[in-house]
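Novice: On the provided structure of chain A, position chain B as indicated by the hints.
Protein chains: 2
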Amino acid sequence: MTPKVSRFLRDHAPATPCLVLDVDRVEENYRRLMAALPLARIYYAVKANPAAPVLERLVGLGSSFDAASWEEIEACLAAGSRPEGISFGNTVKKESAIRAAYAAGVRMFAFDSEAELRKLARSAPGARVYCRILVGNVGAEWPLSKKFGCELEMARELMILAGELGLDPFGLSFHVGSQQTRTDAYEAAIAKVAMLFTDLRDAGVKVRMVNLGGGYPVRYRSEVPEIDDFGAAIMGAMTEHFGNALPEIVIEPGRFMVGDAGVVSAEVVLVSRKAKDDPVRWVYLDIGRFGGLAETEGEAIKYAFRTPHDGEVDGPVTIAGPTCDSTDTLYEKANYRLPLSLDCGDRVELLATGAYVTTYASQAFNGFRPLAEHYV
Amino acid sequence: MTPKVSRFLRDHAPATPCLVLDVDRVEENYRRLMAALPLARIYYAVKANPAAPVLERLVGLGSSFDAASWEEIEACLAAGSRPEGISFGNTVKKESAIRAAYAAGVRMFAFDSEAELRKLARSAPGARVYCRILVGNVGAEWPLSKKFGCELEMARELMILAGELGLDPFGLSFHVGSQQTRTDAYEAAIAKVAMLFTDLRDAGVKVRMVNLGGGYPVRYRSEVPEIDDFGAAIMGAMTEHFGNALPEIVIEPGRFMVGDAGVVSAEVVLVSRKAKDDPVRWVYLDIGRFGGLAETEGEAIKYAFRTPHDGEVDGPVTIAGPTCDSTDTLYEKANYRLPLSLDCGDRVELLATGAYVTTYASQAFNGFRPLAEHYV
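Protein chains in written order, with full-length UniProt numbering: chain A, 1 to 376; chain B, 1 to 376.
Do not rely on the hints blindly, as some may be mistaken.
Note: identical chains are not told apart, hence a pair may lie in one copy or across any two.
Stated by the list, open to error - Capping the alpha-carbon separation at 30 Å, the derived lysine-lysine pairs in DSS-like fashion look like this:
{"id": "1", "residue 1": "K4", "residue 2": "K333"}
{"id": "2", "residue 1": "K302", "residue 2": "K333"}
{"id": "3", "residue 1": "K333", "residue 2": "K274"}
{"id": "4", "residue 1": "K206", "residue 2": "K4"}
{"id": "5", "residue 1": "K302", "residue 2": "K4"}
{"id": "6", "residue 1": "K146", "residue 2": "K274"}
{"id": "7", "residue 1": "K206", "residue 2": "K333"}
{"id": "8", "residue 1": "K4", "residue 2": "K146"}
{"id": "9", "residue 1": "K302", "residue 2": "K276"}
{"id": "10", "residue 1": "K274", "residue 2": "K4"}
{"id": "11", "residue 1": "K302", "residue 2": "K206"}
{"id": "12", "residue 1": "K333", "residue 2": "K276"}
{"id": "13", "residue 1": "K206", "residue 2": "K192"}
It is worth saying that the hints were derived from the structure and are not from the lab.
So here's chain A without its partners, still in its complex pose (with noise of 0.2 Å):
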């Protein structure tokens, strides 16, 4: 938690559940990055925080945009960027949302099928496209490996096709999955990309892009790499494999970008037992899997939590969101502890929550209000 966030929580005491995010730390993010991977080209993930004040302060910064839909795209050109500083990243786009992005002026697309690519040669002619590949996923934490991407061998044919199409063939995209841990992920798919973008090279395809995708990771309950081990992962990779010949290099951050930025605000509603001897609490808080947090689905994501109790006494503990839903249950099996002393009406804080929370809360599951957002 930033000095800014706790001070904010400490002189508002906003009503919860509520995200308070410190922008000045997102600019942080954005530095160490630019340090890290001084090669790289940022695009940011919108998805992770759409925000206004995130997005203004990064197009001040001279940050690039990965957009995953149109109405991510209006929001990047409201916070002043140019078109061609966004990338509209979805290989699964409607062809109307396409025609939309191109008339504002964008002009690089993702795609992995046949069927993107000629929506795109219709709606988009000319622009340069990138085909994303499937590469392993081993090591993160909210994987992505199987829903996007395709085979080399068809990623070789359709960016052949993509200049028949008339596109431009501009580059190579991957993703080694959200919250990655292990630097290597990096090193393998690398590898693989390589080795279709010479092949593509020897057929003439004027590919020049290499784009490494995001995931990396941001501190919750256990230690991550640095961004500066993944930066020379990266780099001693692409060095391996290119040479000096490096293609742009384009690197899409989302969580590592905000996600240390932000605290949830929460409160406990009720701290309960199932049976008088049962030595598991539930502790029910005011947000759940519904309310934002969706990415502690199976226990994936594990938030690390403050109380105004810590230090004391712990046991313990099964914790819930407030809905009349089982599956809005946090964490049941990752080992949890909170101190005994915590009751209803505490106030807990979520660490590093900053990323891919508030657009994930329902709009009025139970009827509860998605959470408040606090920029500062």
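Specialist: For chain B alone, kept in the frame of chain A given last:
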């Protein structure tokens, strides 16, 4: 799909994704349920679909309401419900919500813990309270067992305590899990609750209501027992265990009341394969798990699809939503098949999606707006 929904879709071709719901069908379902369980008082589980046209129709029919939050209570009151017809059924409530409900005239509250009971004693003095007990959820496609309810021995102590605290220890409740496909789940739960009921009577507690919860299923991809089968099983078990001294019977149907009244109309955004010879196609829709179809988590609820090409040759598919998130995959293992001629831009209908869809929708994940709603 009811004729009215069908006609609306044909005549208006509303922008997708959207829910179209036939409010007359809600009324039919209410009447079917009344016929199947004539001795039960119906408290509609508002969380299933809190839209004003649904609530207003049910108010007109004399329904009572099971609310999960103060916001849902407000929605019932706005729809014309008397406060005495509302039960605050969430066992996890902020004390401020209890106060608001009590001030508005609500006098029936659920609990399953001592802490909650003490909140009720403070903020809803003299109110009718009922204790939720833990029961098995075998047979439920959307189980609820773990998070709510307490063990019998604890329930017994808490019901006695309720009287001592000046509350009215009105009844006992259980929930056999949502989309419960086995009638014997109710029979087993009724046997369990009856034991405690008798025990409490013997202890001088004037308990006089049994709340059987909801769970009554809707036909999705597979057949389910008829509501009359549930009615017969429930009344058989009630008579077996309570004889002529039947308590007041409360039921809390949600899914059953609105599920088959609604249809989600969606668009195919992309059909693709990950490799040329892959037998499985990926079908991406403009609605997914974060657009409202939250109950497809773990492929729990298996919706039936209609396409413009039904009857043509089909093949295996993985069905996914439109967001850049791999968890936004609806069905990968449930052996769905769709026509080979299905293509981008085709409209598809997801049948019986009137329950537990609209409110789950994320407010803006990936920039996508929540689905539109049409009540006809």
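Novice: Going through the earlier hints one by one, which of them does the structure break, listed in rising order?
Specialist: 1, 4, 7, 8, 10 and 11
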